[in-house]
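Undergrad: Same order as they appear, the protein sequences are chains Z and Y. When you read off a place in the first sequence, starting at 1, and then add 305, the result is the number in our numbering. For the record, in the second sequence the residue sitting at position 47 is 32 according to our numbering, with numbers rising by one throughout.
Derived from the structure by calculation, the hints contain no laboratory data. Predicted model, so just to flag it, every value in this text is computed and none were measured. Treat the hints with care, as some may be off.
As the list claims (entries may be wrong) - Here are some of the chain Y residues that sit facing chain Z, going by a computed Cβ distance under 10 Å:
id, residue
1, M16
2, R78
3, D81
4, R115
5, H117
6, M119
7, I120
8, E122
9, V123
10, E129
11, G130
12, N133
13, L135
14, A137
15, A144
Ideal Cβ positions, reconstructed from N, Cα and C, are used throughout, including at glycine.
Chain by chain, the residues:
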Amino acid sequence: MPARARPQRSSPVLPSDHGATSGEESTAQPLISIVLTGRNDGYGGDFIARFHRTLSFNHHHLAAWNIAHEILFVEWAPPTGAPYLFDLTRRAVDDIDWGVVSWFIVDPRYHAALSLNPRLEYLEFLAKNVAIRRARGRFVLTTNCDVYLGRHVLDVMCSPGLQSGIVYRAPRFDIKFAADYSGLDWDVLEDPRNLDGVPKPLKPPFMGGGTGDFVLMDRASFHEIRGFNEVYRAARFGIDHNVLVKALSIGLAIEDIGGPVYHINHAGSYRLTAGVYAGREAEAPWGNSRWHSRGVVYVNPDTWGLAKAPMREGVERCRHLDFSWDAVPPLVDLKRVVLPAARMGAPAPGRYVSR
Amino acid sequence: MGSRVRRQLSRLLEAFGIVTLRRYQIAIKQMHDAESRIKQLEREVAKIQVRANAQLEQHVTESRAQAKTLKAETAEIARALKVKSREFVKQSRSIDKLRKTVEHANRRRGDLDGLRQRLIVAEQELAAARNHLMIVEVKLDILEGAANVLDARTRTTAAQQPGAPV
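Please model the entire structure based on the sequences and the hints provided.
TA: See the structure below:
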C-alpha cells in the first residue's frame, strides 16, 4: 500500500510537557484518557486491521455510553521506510471523531537510546508513559490496540463510580483466533463458545494477569507513581505487573472493575508464543520474563514520559517527539531501583516473588 | 352369834391354818387355774422358743450366706485392690517419669523460646537478604544491559573510524 508522504519536519517546536491543541481539539477536560501504542510493523500479522476495528468499536461505544474521552496514541519508533500508522489510520478510519484523538510519533532513536536489551523490539510501557504524561482526562486507561472494552466496564466508566486512589483492573477474556472478525459485535464477544479457554480470575492483592490490557486510575495517581517503570529497560514482560506493585506500595488500592475486556488471539501474541522461548527466555523479544517484577519497584526520574523531548506539531494534530539527548534518562541509574514499602494488609516486600 | 363373832372365829382358825371349806375350794380352784395358766404359758413359751429357735436358725443361715458372699466379695475386692495397687504404683512411676519429662520440657521450653526468637530474627534477615539479592539481581540486569548497549555502540563507532579493521 503506497504511503502518504510523512509530514515535513518544519513545524515549530512546541512545549514538550503538554501538547498544544489544534483548532479541532476539544478543550473540555475528558473523563477518560485512553492510552494506546503501536506502529506499522505487521505485529501479529494483521495488526492494522485489528487495531482499526478495535478503535472504531471502542470509540463508538464510549460515545454511545456518553463517556467524554480522548484517545492518545503513541506511535513508538516507527520503522524506517514504512508509512506511518497515523496516516494509514487517518485514511482508513473515517467513522470516528478525530477531535478526540491525539497522536504522538516518537523518533526511533529514543528506542535505541533507551533500550537495555537489543532483543527488545518495542518499549511498550515507555511509549505508554509518553501519553500518560500528556493525558488530560480525570482518569487514564492504558490498554492495547486489540482490546475491546466490555459493557460492564463502560457502565462503570459512565457512572460516577470511579474513584481516585484506586487502580481498576479488568480480567481479559481471550477470544478464539478467527479469520474474519470484521462484523464483530457484542454477540460475538459475549458468546462463551468463542472463549479461548477459561478466563483467569483476578486475584488479590495485585489483581494481575493481562495487566497491560487494562490499567485504569485517576491521572493524579498515575502521575504520582510516574507511570510505568522507566528504570528497568531490559524487559517488556512484567513491567505492567510492576506498576501494580508500585501502586500498592504507595498506598493505592487495586480493585477488579467487575467486568471483562476482550482480546482476540492472533499470531505472535504472548499467550500463543510464550512456549517458543521456553528455556531461553533471555532471547525472547519481550526480554527476561523471570526478572523480579514483583519484588522491586522504581522511582522514575522527573523527566519520565520523555517530558523533555521537543514536540513538533505535524499535520492533522499529529505530534512528533523529536530526538534530544536531553530527554533521555541515564543509561544506568541504580539508585532508582528500590524495594516496595510494606503496608498494612499488603504483602511484605519480597513475599510475592515467584520462586 | 353374830357375824362379828364369826369373823373373829375365822381369824383364829386361820391363825392355826384352818380355813373354811368354801375358801378351801376357792383356793384349790385358784391353784388349778394357776397351774392351768402356767401350763398354757409353758406351751406358749415353748412355742415361742421353737419359733425363736427357727428364726435364729434362719438368721444364722442367712448370716452365714451373707458372710460367705461378703467374704467372696471381700476377696474379689482385695484382689482388685491388689491389682489397682500395682497399677497405682505403676502410674505413680509414670507420673514421676512424666513429671520429670515436663520439668525437662519446661527447661527446654526456655531454650525453645530463645530458638524461636532466633528463628524470627533469622527469617527477617533472610527476607532482607533476599530482598537485597533481588535488588542486586535487577541492578545487575541493568548493568549487563548497559554494558551490552555500550559495547555495541563502541563497536559501531570504532568500525566507522578510518583505518578500522574490516
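Undergrad: Does each hint hold? Answer for all of them.
TA: For each hint, the structure was consulted:
Hint on Y/M16 is violated. Least Cβ distance to chain Z is approximately 123 Å, over the 10 Å limit. Nearest Cβ of chain Z to the Cβ of Y/R78: about 50 Å, over the 10 Å cut. The hint is violated. Of the supplied interface hints, the one on Y/D81 is violated, with its beta-carbon coming no nearer than about 48 Å to a beta-carbon of chain Z, more than 10 Å. The interface hint given for Y/R115 holds, since its Cβ lies 5 Å from the closest Cβ of chain Z, which is under the 10 Å cut-off.
The interface hint given for Y/H117 is met, as the beta carbon of that residue sits about 8 Å from the closest beta carbon of chain Z, less than 10 Å. At a threshold of 10 Å, the smallest CB-CB gap from Y/M119 to chain Z is about 4 Å, leaving the interface hint in force. Below 10 Å, beta-carbon pairs count as interface contacts, and Y/I120 has one with chain Z at about 6 Å; its hint therefore holds. A least Cβ separation of about 6 Å between Y/E122 and chain Z falls short of the 10 Å threshold, and the interface hint therefore holds.
Residue-level restraint check for Y/V123 holds (minimum Cβ-Cβ distance to chain Z is 5 Å; threshold 10 Å). Interface hint at Y/E129: satisfied, since its Cβ lies 8 Å from the closest Cβ of chain Z, which is below the 10 Å cut-off. Hint status for Y/G130: holds, given a least beta-carbon distance of 3 Å to chain Z, under 10 Å. Because the beta carbon of Y/N133 sits about 7 Å from the nearest beta carbon in chain Z, less than 10 Å, this interface hint is met.
Hint status for Y/L135: holds, given a least beta-carbon distance of 7 Å to chain Z, under 10 Å. Interface restraint check for Y/A137: the shortest CB-CB distance to chain Z comes to about 7 Å, inside 10 Å, so the restraint holds. A cut of 10 Å between beta carbons decides the hint on Y/A144: the least distance to chain Z is about 16 Å, and the hint is violated.
Hints 1, 2, 3, 15, counting from the list given before, are not met by this structure.
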